[in-house]
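Each chain, letter by letter, is given below.
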Amino acid sequence: MSTIARKKGVGAVLWDYLTTVDHKKIAHLYLIAGGFFFLLGGLEALLIRIQLVKPNNDFLVGGLYNEVLTMHGTTMIFLAAMPLLFAFMNAVVPLQIGARDVAFPFLNALGFWMFFFGGLFLNCSWFLGGAPDAGWTSYASLALDSKAHHGIDFYTLGLQISGFGTIMGAINFLVTIINMRAPGMTFMRMPMFTWATFVTSALILFAFPPLTVGLIFMMMDRLFGGNFFNPAAGGNTIIWEHLFWVFGHPEVYILILPSFGIFSEIFATFSRKRLFGYSSMVFATVLIAFFGFMVWAHHMFTVGMGPIANAIFAVATMAIAVPTGVKIFNWLFTMWGGSIKFTTPMYYAVAFIPSFVMGGVTGVMLSAAAADYQYHDSYFVVAHFHYVIVGGVVFALLAGTHYWWPKMFGRMLNETLGKITFWLFFIGFHLTFFIQHFLGLTGMPRRVFTYLPNQGWETGNFVSTVGAFFMAIATVILLINIVITTVKGEKVPGDAWGDGRTLEWAIASPPPVYNFAQTPLVRGLDAFWLEKMEGKKELTPAEPLGDIHMPNSSFLPFIISFGLFVAAFGFTYHNDAGWGLPVGILGLLITFGSMFLRSVIDDHGFHIHKEEVLELEKKGANA
Amino acid sequence: MHAEEKLTAETFPAAPERATLEGKNKFLGFWLFLGGETVLFASLFATYLALKDKTNGGPSAEELFQMPIVFMATMLLLTSSLTSVYAIYHMKNFDFKKMQLWFGITVLLGAGFLALEIYEFYEYVHEGHKFTTSAFSSAFYTLVGTHGSHVAFGLLWILTLMIRNAKRGLNLYNAPKFYVASLYWHFIDVVWVFIFTVVYLMGMVG
Chain A
182 MSTIARKKGV
192 GAVLWDYLTT
202 VDHKKIAHLY
212 LIAGGFFFLL
222 GGLEALLIRI
232 QLVKPNNDFL
242 VGGLYNEVLT
252 MHGTTMIFLA
262 AMPLLFAFMN
272 AVVPLQIGAR
282 DVAFPFLNAL
292 GFWMFFFGGL
302 FLNCSWFLGG
312 APDAGWTSYA
322 SLALDSKAHH
332 GIDFYTLGLQ
342 ISGFGTIMGA
352 INFLVTIINM
362 RAPGMTFMRM
372 PMFTWATFVT
382 SALILFAFPP
392 LTVGLIFMMM
402 DRLFGGNFFN
412 PAAGGNTIIW
422 EHLFWVFGHP
432 EVYILILPSF
442 GIFSEIFATF
452 SRKRLFGYSS
462 MVFATVLIAF
472 FGFMVWAHHM
482 FTVGMGPIAN
492 AIFAVATMAI
502 AVPTGVKIFN
512 WLFTMWGGSI
522 KFTTPMYYAV
532 AFIPSFVMGG
542 VTGVMLSAAA
552 ADYQYHDSYF
562 VVAHFHYVIV
572 GGVVFALLAG
582 THYWWPKMFG
592 RMLNETLGKI
602 TFWLFFIGFH
612 LTFFIQHFLG
622 LTGMPRRVFT
632 YLPNQGWETG
642 NFVSTVGAFF
652 MAIATVILLI
662 NIVITTVKGE
672 KVPGDAWGDG
682 RTLEWAIASP
692 PPVYNFAQTP
702 LVRGLDAFWL
712 EKMEGKKELT
722 PAEPLGDIHM
732 PNSSFLPFII
742 SFGLFVAAFG
752 FTYHNDAGWG
762 LPVGILGLLI
772 TFGSMFLRSV
782 IDDHGFHIHK
792 EEVLELEKKG
802 ANA
Chain B
21 MHAEEKLTAE
31 TFPAAPERAT
41 LEGKNKFLGF
51 WLFLGGETVL
61 FASLFATYLA
71 LKDKTNGGPS
81 AEELFQMPIV
91 FMATMLLLTS
101 SLTSVYAIYH
111 MKNFDFKKMQ
121 LWFGITVLLG
131 AGFLALEIYE
141 FYEYVHEGHK
151 FTTSAFSSAF
161 YTLVGTHGSH
171 VAFGLLWILT
181 LMIRNAKRGL
191 NLYNAPKFYV
201 ASLYWHFIDV
211 VWVFIFTVVY
221 LMGMVG
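For the protein sequence lines, the chains are A and B, in the order given.
So the first sequence is residues 182 to 804, counted in my numbering.
So the second sequence is residues 21 to 226, counted in my numbering.
With the rest of the complex left out, here is chain B (with noise of 0.2 Å):
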């Protein structure tokens, strides 16, 4: 099978992320740059738990989260991950408009869940925690923002995949960029898990 082949619903292949070389290549290459990023978010956590108590007599991490907002957030993003799944379902189903649904709201979801995460951080530096406060302000806001720019990308790549794509519908070169774009959501989706769990449970708990 090679990418421009024009398909039906009947001749779609059932794993069309890897039904090309390309295809193939970019499934692979992309979860590689997955196992890279995993290293960076863990060079990145080991540092904030390294310097999560050095407040500088700024505000600690017991005074400044909150659990309703996070929690939200957190539901926010789960949410869209399971809808992503969704969307994938449909494209493996060559259901190109349901796709396009669910990747609509999915990036809705993911937009909802930004817009929290800058209202969060709005609060905070409002409360005295800015990133120059302390060596722990700035470990929180390069783990949590490292966090947030993936998610601001992921959302454009989202988006761009979905307009450029509009009006053609799926083939075996378009296939396998949404694919990997919902598996870079999913990465995002699990560094949040561990995200909301060492930085805000283990900081609310203490």
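Isolated chain A (complex conformation) (with noise of 0.2 Å):
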């Protein structure tokens, strides 16, 4: 079987995109996807912010406006941030850690399957009667009453499927992390990236699990007669708010250490310094990701759970901070007395200390339990999380866009525009987001759709609506780059940056289907740097060339997850259409049909010869 790439058609491509097992497409993929749905979710934020751009706004009203919000958290948070992470622990992982492949890649692929049609289903809603309404976090009190129209439906099937992908995704990377490593790369050599990755990966493994439970019990509750939520009979909207939040805040670290992870990486190569305290950074992610799991209920401060419960769970959320200001001190330090080179990564690597700290500062202002009572549910919270998630999870996806794009796709993104691209997000980012502290801190509520004039809020909401046209503005001329860079950007050397240090800046860009035509032997911290540093080009090799296993392609996962979302649809509807239950019973039937094929044909893979990547090599050399 031949692997060399010729010029193929469009039906080609997309048929290889639809079958493909390979962990570097399927990076592509979900980069596609998840910046869709990255713009999708940031016209819903402009939307609202002309809707609050002056008092008594008619542009949005009412339900619509609430629809567009909940959409819009929902959105960038599932369907765009963590796809977006996970596109890069995609490309980048398996390479970091010098393996041919991941240990599950069928599952890879199915997994980013699984999210892709969770989130088309539930965008599928705003033109099916109505998008859910109940905020990103649905509290059943709010979703139970939502019974207009079928939008909460498409958030509890829709969050399921794609959860669903997400836990295989998590899986997959945590035996790959395991199992795969090139020899030589014990743990306390692996780069802060793919550290992250794992730990993020075990933290999804154990948070989806209760999100899944209560997505569950909602949707017995709103579709097949449950009492779960329901009062009325005996039941209690308490434990959607504990199952949401056992799951909601260890997300916020699924989605804030790998962003860690990719500013370590990006320091320490535009510092061209080996990262500082790269132990106590690895201890300091364990240690978060540890304590992410004690701190839920600080999001219920003024639920009533007593003052015994807030002050543990206060006391537990200040504890966060101690190793969050460990890294942020080893990222100064890794900067200190280091040859910096100002690149676009580096920029939004050092416009995300200062940024993400203050963040982290309201976050502790947040976690006094007694003063959360002045702060709930006002402008300040908003302010607040979008510091942390925009100013850490929003500036990493940028800055490692421009870090890793010339290592996926072979070219370099336009520099100039990169910046551009930095300045107007940055100053919109802060343009949009300071001044809600001070709104919130006034006592303007979130959530709400409109305001009255004459409250000291018209100025501070008119300077937060310009804000967010500057981050807009910054993304068009992003995507005018990648347009740009696609069709004209020059080619890259595999190390393209000059200063790679991991192992996968050693290898051709984008890398051959098989990354390693032998398989490196690591012999420290940033191996590629160790062995650059000793005047070498190449990696040392742990083996002889020899024929490469690789997984067959496989339109199944394809299958097995557009059965989910057919079966969703059958089961929003089974109370209203007749044809509800039997489409949701054929859409299970897909769904188990495929993975009964999957168990009972055989798949052993096939292999590359010798010869054939010795001939790819040289191409690789003189591209």
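Hint data in this document are derived by calculation from the structure and do not stem from the laboratory.
There's no promise every hint is true.
Unchecked claim - Derived lysine to any residue pairs resembling SDA-like cross-links, with alpha carbons at most 20 Å apart:
| no. | chain 1 | residue 1 | chain 2 | residue 2 |
| --- | --- | --- | --- | --- |
| 1 | B | K187 | B | F116 |
| 2 | A | K328 | B | T152 |
| 3 | A | K672 | A | E596 |
| 4 | A | K800 | A | I654 |
| 5 | B | K44 | A | K672 |
| 6 | B | K187 | A | S780 |
| 7 | B | K44 | A | S780 |
| 8 | B | K150 | A | G406 |
| 9 | B | K197 | A | F287 |
| 10 | B | K197 | A | G406 |
| 11 | A | K600 | A | G518 |
| 12 | A | K205 | A | E596 |
Could you use the hints to bring the two separately framed chains together as a complex?
Now the structure itself:
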């Protein structure tokens, strides 16, 4: 079987991506789908800011505002931020540990398609009566009362499907990192981004099941007559809040830890210095993850859990500031005395530190339970979580996009346009959210679609809306940059930035399908940098050149996920229409039928022969 | 060693489920999956405990649960876990026929358990304990029903493996599959031990 890349038709390329199990192509899929949802969520954010630009505005009123607000949050967290992080994990982690592939290529593809169809299903709600409208947290007290349309059902079923995909992705990364590291790649020689992926995957594995259970309860209550959250029949809406936040708080670390990992790579690369305090960085990452499971109730201080529970969760929350502070100082010390190169990714990294610290400081303020009664449900909270999520996660995503784009696609994004994007985004971000702290402190409630004049909120809201447009323009420039780069960007060598430290920079950009012609021997932290410092241009191989085993492509992941997509439609409408139940069952049959096929049809993969590998390597060296 | 190798009782490795990289990955990945499943059931148990006394005028746990049928179901499932251990024992000794036999007994015992559970649910519904009756009933059926659907899935899974491999015997490609299916079966059994204790025993003692 030949694997040499030829010019292919559009249909062939499409089929290739629909059936691929290659982690590098799955990374492209995550990047495209996550990027699309990021634009969608951004558009929703703009609509929110337009509505709030002046008092008593009637651009988006009442229910529609609630839908846009809910979908903005849900889309950004579940369908944009996480998949974009998964894009980088897929693109980079197997390369960073010197692996030819992930542990479960088929499952990896299945995870992507589950996420994709879940997100698609959720967004179908826009065209079928109305989107979910109970906030991204979808508290049961609101969600069970939302009876005008099926919005909430699209939320519960869509997130269940995409959640399955996320759990699969997490198991795949855990096993890949534990079992498939190259010889010499001990745990304490793993790059920080790989460490972050590892810890994040563990968080996903243990945090997503409670969400799944909560969503199942919500689905049962709304569609099948359950009584979990119905107080009239003995149910309790607080159970949803607990289940949601037992997931929801680890979720914010699921977002931020990989972002920390991306920045750790960037700081070390462009300071051209070893990451300061590597072991303490690893320890801090693990500690943050551990604490992350013990603080969920700080989202519920005003529920009435009592002073003892509030105090315990307040102290646990404040404790997280310690390992986070360790990280901040380590990044500063990495730059200290380094020979710093100010590239676009480094701009984001440097800007991230003060921006994120501000979000951290307001986080500690919010963790003081007594004070939280004042901040609760105000724009102060909105400002806080946008400072950590935009100032932390989105900055990291933009930085990662610029940093790994040459590795993923073989062409360098334009640096001038990149820096323009950065400045517009950075200024727009602070313009939008800084002033929201003060709007919140002066009493502006979150999630309310309008406000009255003469309460002192006009200027603040106007400034905030202007800032949002800065970020929108920045995103458009990034898109233009991507188009220009794809059309006529300069091709780059393997070590695209010239300062690569980790294994991914030691192979061609984009990497060949088998990643490493010979599995490398890792001799220390920053394995590629070590080799370069000894005057070598390539890695030390750990094995002779030989045939390479590869997994077969498969269309089944797509079908399995599609089946659930069909089933979700059926069950959503099973109370309204006769076709509901049969369609639901049909969907499940498609899913379980294709799982059965997967089980009974042997899949041994295939081999790329040594001669072909040699030929491909020669081509790669010339490119 | 690779997956397609033809093996004999002498060359068959001591841990066939982990003899290939694919097997090692499956083995570890499945253990991690069970970790996630544990959290899933923990959430279901926590909710059940919070709602178990909210009967909304419907029958309570003491009125419903009958020891004989639950005890019988428990014995069937516990025994099936033991028989699946025998199956894996014979798999490691490269004795395909005996493995199939013991897996067959496992499936029969599991099917017996499932039949008893379906009968039990049927009885409860007749006594006015429906899914929609109360918060207690919703939590009960969701917890015990999730376990039951795991049992059903496990039965179909083991049966599929037995039929698919009936003619070709053991190799390093299917040995990890049999092994993780048996892990899954043990997990279901452990969850049932907790259901028996937390739902039925605590329910009957009050």
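| Checking against the hints above, which ones are violated? | Hints 4, 5, 10, 11 and 12 contradicted; others consistent.
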